[in-house]
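*Asks:* If you want the building blocks of each chain, they are given just below.
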Amino acid sequence: MCRLALKTASKPFSPYDVLTAMEAMQEGYDGSGLGLVLRGVKFTDFTYRTQDPILSGIAHTEAAYHRLDAFMQEKGFQLKYDHEFDVDFKKIEAQDRYKYFLRVYKLPASWKTYAADEVEEQLMLNRLELRKNGEDHGGDLTVFSFWPDVVTIKEVGWPLGIGKALHLNDDRIEARVVMAQGRQNTNYGINLYACHPFFIQGIATMTNGENTAYVPIKELLTGMHYPGYIGYQSDSEVFTHILHYVHKRLKLPLETYKHVITPLKTEELNMHPQGDFLKGMRNVCRRMIIDGPNCVIGSLQDETCIMVQDHKKLRPGTVGGKKGEWAMASEMCGVDAMIPDRDRSHDFQPMRENTVIIPPDRKEMKIWSQFDPYPLPQVA
Amino acid sequence: MVSIRSIPSTPSSLTHLDLQWIIKHREDRFTLCGRCTSVCPKEAIFLTYRRQRMPKLDILKKKRSSEYRTFTGIRQRTEPANRCIGCGMCATVCPNEAIGPEPNPNDPRVRLLHNDKGEAWKRGGRRNFRGSLLDRIMFTRISMLTDPALDAGRHEFQLNTLLGRVLSPEEFLRRKATGGWIPPVREIFPFIIGSMSFGALSPNMWLGLLQGVAYCNEVLGIPVVMATGEGGCPPWVLKSPYLKYIILQIASGYFGWDEIIRAIPDMQCDPAAIEIKYGQGAKPGDGGLLMWFKVSKLIARLRGVPEGVDLPSPPVHQTLYSIEESVMKMIQSLSMAWGFRVPVYPKISGSTSAKSVLNNLVRNPYASALMIDGVDGGTGAAYNVSMDATGHPIASNLRECYLDLVAQGKQNEIPLFAAGGVGKNGNVTQNGLALIMLGASGVHIGKYMMQSAAGCLGSEQNRCNVCNLGICPKGITSQNTKLYRRLDPDQVAERVADTFMAISTEMRKVLAPLGRSQSLPIGMSDAIGIDDAAAAEKLQIKYIC
Numbered sequence: 001m002c003r004l005a006l007k008t009a010s011k012p013f014s015p016y017d018v019l020t021a022m023e024a025m026q027e028g029y030d031g032s033g034l035g036l037v038l039r040g041v042k043f044t045d046f047t048y049r050t051q052d053p054i055l056s057g058i059a060h061t062e063a064a065y066h067r068l069d070a071f072m073q074e075k076g077f078q079l080k081y082d083h084e085f086d087v088d089f090k091k092i093e094a095q096d097r098y099k100y101f102l103r104v105y106k107l108p109a110s111w112k113t114y115a116a117d118e119v120e121e122q123l124m125l126n127r128l129e130l131r132k133n134g135e136d137h138g139g140d141l142t143v144f145s146f147w148p149d150v151v152t153i154k155e156v157g158w159p160l161g162i163g164k165a166l167h168l169n170d171d172r173i174e175a176r177v178v179m180a181q182g183r184q185n186t187n188y189g190i191n192l193y194a195c196h197p198f199f200i201q202g203i204a205t206m207t208n209g210e211n212t213a214y215v216p217i218k219e220l221l222t223g224m225h226y227p228g229y230i231g232y233q234s235d236s237e238v239f240t241h242i243l244h245y246v247h248k249r250l251k252l253p254l255e256t257y258k259h260v261i262t263p264l265k266t267e268e269l270n271m272h273p274q275g276d277f278l279k280g281m282r283n284v285c286r287r288m289i290i291d292g293p294n295c296v297i298g299s300l301q302d303e304t305c306i307m308v309q310d311h312k313k314l315r316p317g318t319v320g321g322k323k324g325e326w327a328m329a330s331e332m333c334g335v336d337a338m339i340p341d342r343d344r345s346h347d348f349q350p351m352r353e354n355t356v357i358i359p360p361d362r363k364e365m366k367i368w369s370q371f372d373p374y375p376l377p378q379v380a
Numbered sequence: 001m002v003s004i005r006s007i008p009s010t011p012s013s014l015t016h017l018d019l020q021w022i023i024k025h026r027e028d029r030f031t032l033c034g035r036c037t038s039v040c041p042k043e044a045i046f047l048t049y050r051r052q053r054m055p056k057l058d059i060l061k062k063k064r065s066s067e068y069r070t071f072t073g074i075r076q077r078t079e080p081a082n083r084c085i086g087c088g089m090c091a092t093v094c095p096n097e098a099i100g101p102e103p104n105p106n107d108p109r110v111r112l113l114h115n116d117k118g119e120a121w122k123r124g125g126r127r128n129f130r131g132s133l134l135d136r137i138m139f140t141r142i143s144m145l146t147d148p149a150l151d152a153g154r155h156e157f158q159l160n161t162l163l164g165r166v167l168s169p170e171e172f173l174r175r176k177a178t179g180g181w182i183p184p185v186r187e188i189f190p191f192i193i194g195s196m197s198f199g200a201l202s203p204n205m206w207l208g209l210l211q212g213v214a215y216c217n218e219v220l221g222i223p224v225v226m227a228t229g230e231g232g233c234p235p236w237v238l239k240s241p242y243l244k245y246i247i248l249q250i251a252s253g254y255f256g257w258d259e260i261i262r263a264i265p266d267m268q269c270d271p272a273a274i275e276i277k278y279g280q281g282a283k284p285g286d287g288g289l290l291m292w293f294k295v296s297k298l299i300a301r302l303r304g305v306p307e308g309v310d311l312p313s314p315p316v317h318q319t320l321y322s323i324e325e326s327v328m329k330m331i332q333s334l335s336m337a338w339g340f341r342v343p344v345y346p347k348i349s350g351s352t353s354a355k356s357v358l359n360n361l362v363r364n365p366y367a368s369a370l371m372i373d374g375v376d377g378g379t380g381a382a383y384n385v386s387m388d389a390t391g392h393p394i395a396s397n398l399r400e401c402y403l404d405l406v407a408q409g410k411q412n413e414i415p416l417f418a419a420g421g422v423g424k425n426g427n428v429t430q431n432g433l434a435l436i437m438l439g440a441s442g443v444h445i446g447k448y449m450m451q452s453a454a455g456c457l458g459s460e461q462n463r464c465n466v467c468n469l470g471i472c473p474k475g476i477t478s479q480n481t482k483l484y485r486r487l488d489p490d491q492v493a494e495r496v497a498d499t500f501m502a503i504s505t506e507m508r509k510v511l512a513p514l515g516r517s518q519s520l521p522i523g524m525s526d527a528i529g530i531d532d533a534a535a536a537e538k539l540q541i542k543y544i545c
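Sequence lines, in order, name chains Y and A. Using the working numbering, you'd call the opening residue of the first sequence number 1 and step up by one each time. Using the working numbering, you'd call the opening residue of the second sequence number 1 and step up by one each time.
Hint data in this document are derived by calculation from the structure and do not stem from the laboratory. Do not take every clue at face value.
[What the hints assert, rightly or not] In silico lysine-lysine, DSS-like type, Cα no more than 25 Å apart, as pairs:
{"id": "1", "chain 1": "Y", "residue 1": "Lys112", "chain 2": "Y", "residue 2": "Lys75"}
{"id": "2", "chain 1": "Y", "residue 1": "Lys265", "chain 2": "A", "residue 2": "Lys542"}
{"id": "3", "chain 1": "A", "residue 1": "Lys410", "chain 2": "Y", "residue 2": "Lys251"}
{"id": "4", "chain 1": "Y", "residue 1": "Lys218", "chain 2": "A", "residue 2": "Lys542"}
{"id": "5", "chain 1": "A", "residue 1": "Lys176", "chain 2": "Y", "residue 2": "Lys248"}
{"id": "6", "chain 1": "Y", "residue 1": "Lys218", "chain 2": "A", "residue 2": "Lys538"}
{"id": "7", "chain 1": "Y", "residue 1": "Lys323", "chain 2": "Y", "residue 2": "Lys363"}
{"id": "8", "chain 1": "A", "residue 1": "Lys509", "chain 2": "Y", "residue 2": "Lys312"}
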C-alpha cells in the first residue's frame, strides 16, 4: 500500500521534512520508490520568477541529455537556471542515471502572442514530445513535468535514501507545497512514469489504493483523444486526469470532482437541492465513477490542496495543522511528523461525502460535503 | 408365427425408435386412469388393447403351449404431427410414476420428415444447441490483498444501468446553460425481461410478469422493466401507472399501435422506452409470426385483425428505403409522439453489419441505445433453419460494437444491450455479467424468464418447443383458456420476484470479489477470462487455463 504525505505552508520549507514524515509511516509499505512534487519553489542559488516553466526529469545517458538541450534550443526556450543536484550515485539503486535535471526556462519569444490557454497547451505538448523522444530512444529520457513553479522528482528506492542521495536536505530547494509518495507501482512493472504523484497542466494527485474501475475509465479517457491523456502505467493516473478534465477542461468548480468520481445515490440526489443537475452530471460522467479503496490527495496550480475518499471510505486519510501550515497524510503519524505542534483535536478524517480543501491562503481547513448545495450558478 | 404379407412401410413410415422422445411406461404401476393420454398436448399416446403371449408348460403332461392375455396399454403414435415432444406432462399427472418420455440416444430419423407437404419445419422455442461461450467466461480479477474484497451481504452495491442517450459532459453542460433538450435517461435493472408479445404469451403469463415487475419495482426496489414484443399492450395497462415499467415494441406489422397511439392522451405516465424491432436473433430476416391457432378473440381485438388468421409481419418495415431514412425517421417520429420524453432505440439481430447500424445511431442525436439479439435468442414461431443456423453469436458481435464505440470515445453515450442465450443453461447472472463486462449496458432475458418464472418445459434438447402451436402444456404461450388457466398469475408474479431477487444477490456475489460496487462494471474486460485462446483473442480478454 502506498503512503502519502503532503505539507503546505506559507513559508517555504525543505522537501526533506516531508521525507522524514514518510519515514514515520514506514510500517506497512515496501518503500520501493519516491515521487515528489514541489510547488511554490524557492532556490537558494537562483532568484526564480514564478511564470517561468521548470523542466523536471532524468537523462539516463549523456546523449539523451544533449538531445534534450538541442530540443529545447530548437523550440526557442532559453535556459535560465540549471539546478545541479549534489548526487551521490552510490546511494541510488538504479544504474542508468546520467543526470537528474531541473531546469528553469524562459518561454520562447514567439509565444508572446499566445493566450494563457495556448501557453498551457504548448507546455504540455512540449513535455509530451520530449517524453516521446525518450521513449523512441529506448527510454533514455524521462520527463515528469514542464510547468511554472512545479518540480517533480521520481526515483526507485527507499524514499529517505533517495532524499539523502540527492542531498535534498541541503536546503538549496524549498517549496510551499510538497507532495510525497513512497512506492513504485509494484502491482505492475516498475516504471518511473508509474510512480505517483501524476501531473498534468498544473494538476497533481497521488492515491493510496486500488482503482478497480481502472480499465473502463482508462478507455474513456483514451477515447477522448486528448494529447495529455496517455501513460496509464498505473491505475491511479486516471484520478489526475479526471480532476484535470473536470476542473480544467469542463471548467467546473472543484466541488464537482467528488460528485464525478463518487456520485451520490439516486435516493440521496432526489433530496439534494441541485439533485436534478447532479443526476445529469452523474449520467454523463458515469464512466468516470471510481471504485475500490482510494484516498486521493491533490494540489492545484494556485497551491490549493485537496483530499477525498472513495465512496465507502475504505482507505485512511487525515488532515491536520494550524493557520499557515497544514499536512495531509495517509497515516495519522505522518501528520504528526510533519506538524507536531498542532491541536490534534482539530484533525479531520474525511468521510465518503467530504472533500477537504486547504485554500492557498492556508488560514483554515475547509470541509465540503456532497450533501451541501452545489454552486450551480457558476455552471449553468 | 404370423406371416407378414407385406411390410407396412412408406418413405414416411416411422417407428417409435425413430422419434426423439420415447415414451417409457411401466405396466406394473399402471391404473388405467387415463390422465396421461388426456393431458398430452400432442395426443402422442393412446390407450389400446394389446395381446401378450403367456407361455404355458404342463410338466406332468410334458406339453408346451401358449395362452394369450389381452390387456390395456399405452401406445405411442409415430406420425410426425403426433410425435412426442418430451414435455413430460404425462409424468406430471401420473399418480404412480408409471410413465414419462426419455430422450432417444440414437439418431432420431423424424427430423428428416418435418417437411410434409413441402412445408419446412416451423417451431417455437430455442436453438437446440447446448454449448454456450458465455458459460465459459470466468471472473478472474479477484481483489484480496491489493485491495480488500467487499462484503456482498453487507456493503451497498449500485447495480442499476442507464437506458437512454447520454450526452457528452461538454454537450450536457452546453445544453444546461442554454436550456437545450436533455435526452431522457432511465435508471433500470440491467436484466430486462425481453420482448414477448401479448399474443405469443397467454394473458395469464403476461399478467403474472407484469405483476411481478411491479412488485420488483415498488416493493423490492429492483427497477425491472419488461418489453412487450410486437402485439401491442392491453388498454388497461396503457392507462395504468404501471406503464412506466413497460418497453413498448413497434415492429414491422405495427400490431397494436392503433390502440397505443389512441391511448396516449389517457396515459398516466410515459412508458420506460420504445423498442423498434428491425430483427431478432432467432430468425433474422423474418418478421414476427403469430400463427392462427393463437389469434383468439382477445388477441384479434388488441391487434385490430380478424380472429383465427396467421399474422406474419413483413421482414422489413414498410418505410424502409435506407437505414438513414428508416431508423432516423422512425426514431424521431416515435420520440415526438411522447414529446421527446421517452427513449427510443432499435433492436436488431446479431449480424456482421451491426457496426454499420451502430455508427449510424452514433450520429443520430435521438437514438437512445442499440439492442443486439444474438443467434441463441428464442421465439414463439420460426423456421427451424432460421433458428438453428441464421444469425450471429452475441459475444463477439457485442464486443466488436463496444470496442468500436471505445475507439470513438462514445461508449458512455449509446448504451448497448445484448440478448440471445443469456441463461440458456441456467447461468443467467454469470452470462449477463459476462456480457456487461464485454461492454453491454444490460441484457434481455426471455426464455430464462419463461423457465424460471413460469416453469416452461423447453430445453436445448428440443424438449417441448411448440410455442407456435398454441398447445403450451404449461399455459405460457397458449391462448386456449383451458390451457392457460393452468397458470396462476399470482404464482408467476411470485416467481418473477424470486428470480430477480436471486439475480440481484448473485450480482453482488460476483461484484464483491472484483472490488466493484459503485457502478455496473460495463466494459471491465480486465476482470474476465476464457479457456479458449482464439475466443480470448477475438474478445480481447485474458486467456486462462
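*Asks:* Work down the list of hints and note, for each, if the structure agrees.
*Replies:* Status of each hint after checking the structure:
1. Lys112/Y to Lys75/Y: holds, 14 Å
2. Lys265/Y to Lys542/A: Violated - the C-alpha atoms of Lys542/A and Lys265/Y are around 33 Å apart, more than 25 Å.
3. Lys410/A to Lys251/Y: holds, 21 Å
4. Lys218/Y to Lys542/A: Holds - the C-alpha atoms of Lys542/A and Lys218/Y are around 17 Å apart, at most 25 Å.
5. Lys176/A to Lys248/Y: holds, 19 Å
6. Lys218/Y to Lys538/A: Holds. Lys218/Y to Lys538/A sits at ~20 Å (cutoff 25 Å).
7. Lys323/Y to Lys363/Y: holds, 5 Å
8. Lys509/A to Lys312/Y: holds, 17 Å
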